[in-house]
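K.L.:
Each chain, letter by letter, is given below.
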Amino acid sequence: MNELPFLSIMIFAPIVLGLIMALVPKWPAKVPQAISCIIALSMLVFGGLVTSKFLSDQNGLQLQQQLDWIPNLGVSYFVGVDSMAAWMILLTTFLTLVAILISKPANRDNQFFGLLLCLEGTLVGVFSSLDLVLFYVFFELSLVPVALMILGWGSGDRGKIAIRYIGTLFAGSLLMLVGILILGNQSFNLLKHPTFNLIEIQNAVGKGLWKDSWPLQALAFWGFMIAFLVKSPAIPIHRWLADTYENAPVGAVVAGVVLKVGTFGMFRFVLALFPEACQVYAPIMVTIGMIGILYGGILAAIQKNPGRLMAYSTVSHVGYIVVGIFSLNHIGMMGAAFQQFNHGLAAAAVFVLLGFLYERTEFRSLDDFGGLKKTMPVFSTLFMVAMLANLGLPFTSGFVGEILSLLGSFQSGYAGLFGQGLMAPILATSGAILSAVYMLYMYQRLFYGKAKSDATIGDITSREALIGGAFACLLLAFGILPSSILHSMEPRVDSIHNAVVAPVQRTAPEPSVDLTTTPAEGARGGQS
Amino acid sequence: MDAKLIWLTLLLPVAGAVVQTLLRSMSGTDGGKRLLGFLAVLPIAAAFLIGAMITKSMDPGQATTITQMSWIELKGLSIPFELRIDSLSMTMVLIITGIGALIHLYATGYMAKEKDYSRFFAYLNLFIASMLMLVLANNLLLLFVGWEGVGLCSYLLIGFWYEDKENAKAANKAFIVNRIGDFGLTIGLFLIVVAVAMAGKGIEAQDERYLSFDTILPVLQSSLVHHPALATAIALCLFVGACGKSAQFPLYLWLPDAMAGPTPVSALIHAATMVTSGVVLLNRMHIVFEMSAVASSVVCFVGAFTALFAAIIAFGQTDIKKVLAYSTVSQLGFMFVACGAGAYWVGLFHVTTHAFFKALLFLGSGAVIHAMAHEQDMRKYGKLYKYLPITFITMMIGYLAISGVPGLSGFYSKELILDSAMNSNLAMVKRINAAQVSGWICLLTALLTACYMTRMMMLTFAGKERWMEGSQDAEHATEEHEEHADEHDDDHHELSPSHRPHEVPISMWFPLAVLAVLSAAGGWYLNQGDRFKEFLASATTSTGFGNVIVADETEEQLGHMIGQIAMFGAFAGIIIGVLVYWRGLPKNGPLFNRVFGKTMAWSANQFGYDQAMVSAAVDGGNELATLTDEYVDRGLFGGIGEGIGKVSEGISAGVKRVQSGLVRVYALSMLIGVVGLVAYAVYLMQGGIK
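One line per chain: the protein sequences are A and B, in this order.
Using the numbering used here, the letters of the first sequence map in sequence onto residues 460 to 987.
Using the numbering used here, the letters of the second sequence map in sequence onto residues 2 to 691.
Keep in mind that the hints were calculated from the coordinates and are not lab data.
Note that the coordinates shown come from a computational prediction; the quantities given were computed from them, not determined experimentally.
There could be a bad hint or two in this list.
Footprint (simulated), chain B over chain A, 3 or more residues, beta carbon under 8 Å [to be verified]:
hint : segment
1    : 689-699
2    : 827-835
3    : 892-903
4    : 945-958
With a straight-line Cα cutoff of 20 Å, these simulated EDC-like cross-link-like pairs (lysine to aspartate or glutamate) come out [stated by the list, open to error]:
hint : chain 1 : residue 1 : chain 2 : residue 2
5    : A       : K833      : B       : E167
6    : A       : K763      : B       : D620
7    : B       : K166      : A       : D826
8    : A       : K909      : B       : D630
9    : A       : K909      : B       : E631
10   : B       : K170      : B       : E624
11   : B       : K170      : A       : E949
12   : A       : K909      : B       : E164
13   : A       : K763      : B       : E631
14   : A       : K833      : B       : D620
15   : A       : K763      : B       : D630
16   : A       : K909      : B       : E115
17   : B       : K170      : A       : D826
18   : B       : K166      : A       : D827
19   : A       : K833      : B       : E631
20   : B       : K76       : A       : E949
21   : A       : K763      : B       : E624
22   : A       : K833      : B       : E164
The C-beta atom is built at its ideal place from N, Cα and C for all residues, glycine as well.
Sequences and hints are given; from them, build the entire structure.
P.N.:
The following block contains the structure:
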């Protein structure tokens, strides 16, 4: 505990500095961007330091810090990271930096960049909270900057969209609050002292937290799940994302793509805290994921607005993550963990590139373009890489996550584990056809054909090419060498997997000793 | 020869693609183009040399695995970067790099006037690299990398002339149809993983390479015997993938449209790469197919049907490249019949000879197109033997080879296919011998092949110079063909009656000459003393099943007869073709019209199949998506979202004292949360008191 409290710095420095910047009026031009750029860059360095802890063989929670907050209720300020959270934090810091670099707000840029920094801080908070109430607070707070950015710098009917955004997501998280309260109550009953400490409750689950209280567990499970599904988003509540992606300023969208909080929450809270419910509802969740994959893919194919197209594509990609998580299979969960990181990156890459285009000419429809390959060769190449990562071509990062998620789900389905079948994974696999359809459709609209006469725009500048190139390199690098992420995430995913699968072995009636094994072996099997 | 150098074979083309991309500014000048062209051919030629040396020093009876590093490494699944050197992979490497290098050389001449010179060669090099990855991979997932890689490269190359939307559509079609096949392959891959993991009690725990051929092939062999249904399922899934890449019915749709790309690309797709991957996959996984009579029958029937179907369609085509495209589809059907009959090495033998003569024919047609100001309609050709002597002679050899004239390469492989099909008893389901039925269909198709190829040659090289006859022919040209003609010819003049075709430059006819020699003598050389069969024996025949092809005395005689019948068929086809097309384009006289007119038009249209599929997929898909959007997304889900939105708006309106309703909503929401927490605290304390 002699180290610097990295996490707290990464949470509060951006929030405080961002608020100061937003509230102090009268800044010279360019200065807010430069300052926030420096802050974001140092956050990225911190993020790298945090993640590097997990590249060596370390695992388990790192950088824990616990302070009393509301001791009477057992609420504490408790942060710490595992390897999955570390990678998500690194992604957050990277995307925030990119968002700051590419944004050119029309006015009040001090407020815009201040909000971006606040968003970064709250997201780091979400990813590192180890206390349920703390998590809830950050989960809620992270809504505010995005909503304000839509309100201040968005397009279309932005007031309405911002309210929708907050209202929908908040409605979801209220249900999570119910789940949190149930958890607190249960653990109070078991441990005889109030606590919202995640680690403590997780241990309590192993000690029979849910004993004889199945309805409560189911209720809490759905509370959390609905909140996370809405956030991810999964069908049926996904339309808010389409409106948001269509109208939010590019910077907010890029940083907002790391709102992989939903699936992250499933990993950190749902799987570990509600093992029986996860097993019971796994087939339902896999089906929801599968429908999302196909549904998002079908609807993405007819969208004219690139933002809406990417929103439906996100629904589709989130489907893979859900399928992978609820395969409750080690390979599938690894795939989901990887896909959750990858999609944050790959979708952001497309948004960044679309942002470059948007800056040159404000467009609402893909039909406004054509033939850009001729005038923008570098841009079209970078866009190609981003597109391929989104449609999951091998050797881009998109492939690894998808194939592993589906393989895991297929394995569970084949073995008939947890009531799963083969139908869902097979149908989900056909999503690869749909992703090819809608991504190629977008690419064709933008780049093929004769250039439209009014769109005489030159290729991207070298600074833009550098940012786009960085994305392209990362997408390829994580596709060809995914092991850096996979290795460091594996112990964490493994422990989650054990946590969710283990109770079956404990509570299910011990199978009558296999005739082929000696009693001694059977006993040993029971212990492990 | 150090086998590790095989990585160099794979990486050289990749390096070539990178170099082309970096030096793209040089494609402006002629000198720069020459250098780029040289740098494009060089890595492929070098890869060929390395491949040849490794082949020479290897033991064809053994497979060597070269493992480099891990790619995806998990508990329970390990997929390293590993290559496999055996007779199958090295045969393919030599075909790909050898023919590929010739096509690259040819392309340096063909694309000389192209502005995007370096982009073209970057794609082309990448194409070779992907294909090499596909054949060299030692596990199914790496094979899948190459599999999707060639799909991507064909997408890029078919859409190379991007200003034409039609090309983009053809490119999309190729990619999406291929993805349908990939879907099948993916499922097959999953099934293999579970099958191996299930049966793999004998596999060491630390060796979890559930997709590597050296691990799975023996396991599948021993375990699938007890699970015939699983064997059939795996085989059929893999076959769906093979159908996608190798353009078999019903997934052949993309290949004819792929003609939208530059001609060297067509040659590369059709001869050396891409379409052969399905046959390679079947060879690689032949153990699974041998285990299932049902799957083998399906392979036979699909192959035979495709062969016949495509041959009939070829009669209706007026675009020279389309005739060749359908002939590829048809010839691929032959290969699958051989595989279905259990004679996997024969399928590969036909891949090899077909690579020789189809590359030759495509490059030859490219030379014709090049000389004819990028006109592809055969009805405007005629008497070209006078203007393009080298092209004529070389194409003549290719044509005779594909027709199955004895002595030339096509004869040997086709005869072997018919022979093995007639004598096979592998694909026997309910006493119907699918292989034998397919063999007869193939025999008929062989006759048709000779016939439509004669038609193509006669229309192109014999008769009168029809482009000089003015424009009345142009009116007959249907719109479809107009669309698919290359429209990039800013630098080329239109084909005018005064046009005088010139023989192509040496960079283009030299590859033709080499391929002509191979087409003529390659089959004889490889078949001598069963050289090819023995070379491939260990990779494509399984040891556990004895001889699949039972050859006793009587069948030996039948085989002999088949050779004669095939020969007869080839000559009959040629004679019929010559008789009908002796005067070039037959006048659309009443008799001809009555007999063939409708059929020709119908077959030109692929019997409406393509149209039906495309409109079902595109229009139907669009309709489905639009309806879903309207009723489900906006109606149902939108309603839910709207409801929540309305509630929050209602709340915000209700408390609207300050301007920003948003802040209010938020504050209120937080308030609810806090109240909840306090209520809970109170509840807790009460509980605590109790």
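K.L.:
Are the hints correct? Go through all of them and say.
P.N.:
Verification of the supplied hints:
1. 689-699: Holds, because 6 residues of the segment 689-699 of chain A bring their Cβ atoms closer than 8 Å to Cβ atoms of chain B.
2. 827-835: Held - the segment 827-835 of chain A has 3 residues with a Cβ nearer than 8 Å to chain B, which meets the minimum of three.
3. 892-903: Held - the segment 892-903 of chain A has 6 residues with a Cβ nearer than 8 Å to chain B, which meets the minimum of three.
4. 945-958: holds (count 4)
5. K833/A with E167/B: holds (16 Å)
6. K763/A with D620/B: Holds. K763/A to D620/B sits at ~17 Å (cutoff 20 Å).
7. K166/B with D826/A: At roughly 13 Å apart (the allowed maximum being 20 Å), D826/A and K166/B satisfy the hint.
8. K909/A with D630/B: Not satisfied, since the Cα-Cα distance of roughly 30 Å exceeds 20 Å.
9. K909/A with E631/B: Not satisfied, since the Cα-Cα distance of roughly 32 Å exceeds 20 Å.
10. K170/B with E624/B: holds (19 Å)
11. K170/B with E949/A: violated (42 Å)
12. K909/A with E164/B: holds (5 Å)
13. K763/A with E631/B: Distance of about 14 Å is within 20 Å: holds.
14. K833/A with D620/B: violated (30 Å)
15. K763/A with D630/B: holds (13 Å)
16. K909/A with E115/B: holds (17 Å)
17. K170/B with D826/A: holds (15 Å)
18. K166/B with D827/A: Between K166/B and D827/A the Cα gap is close to 15 Å, so the pair holds against 20 Å.
19. K833/A with E631/B: At roughly 36 Å apart (the allowed maximum being 20 Å), E631/B and K833/A break the hint.
20. K76/B with E949/A: holds (8 Å)
21. K763/A with E624/B: holds (15 Å)
22. K833/A with E164/B: holds (8 Å)
In terms of the numbered hints stated before, the structure departs from hints 8, 9, 11, 14 and 19, listed from lowest to highest.
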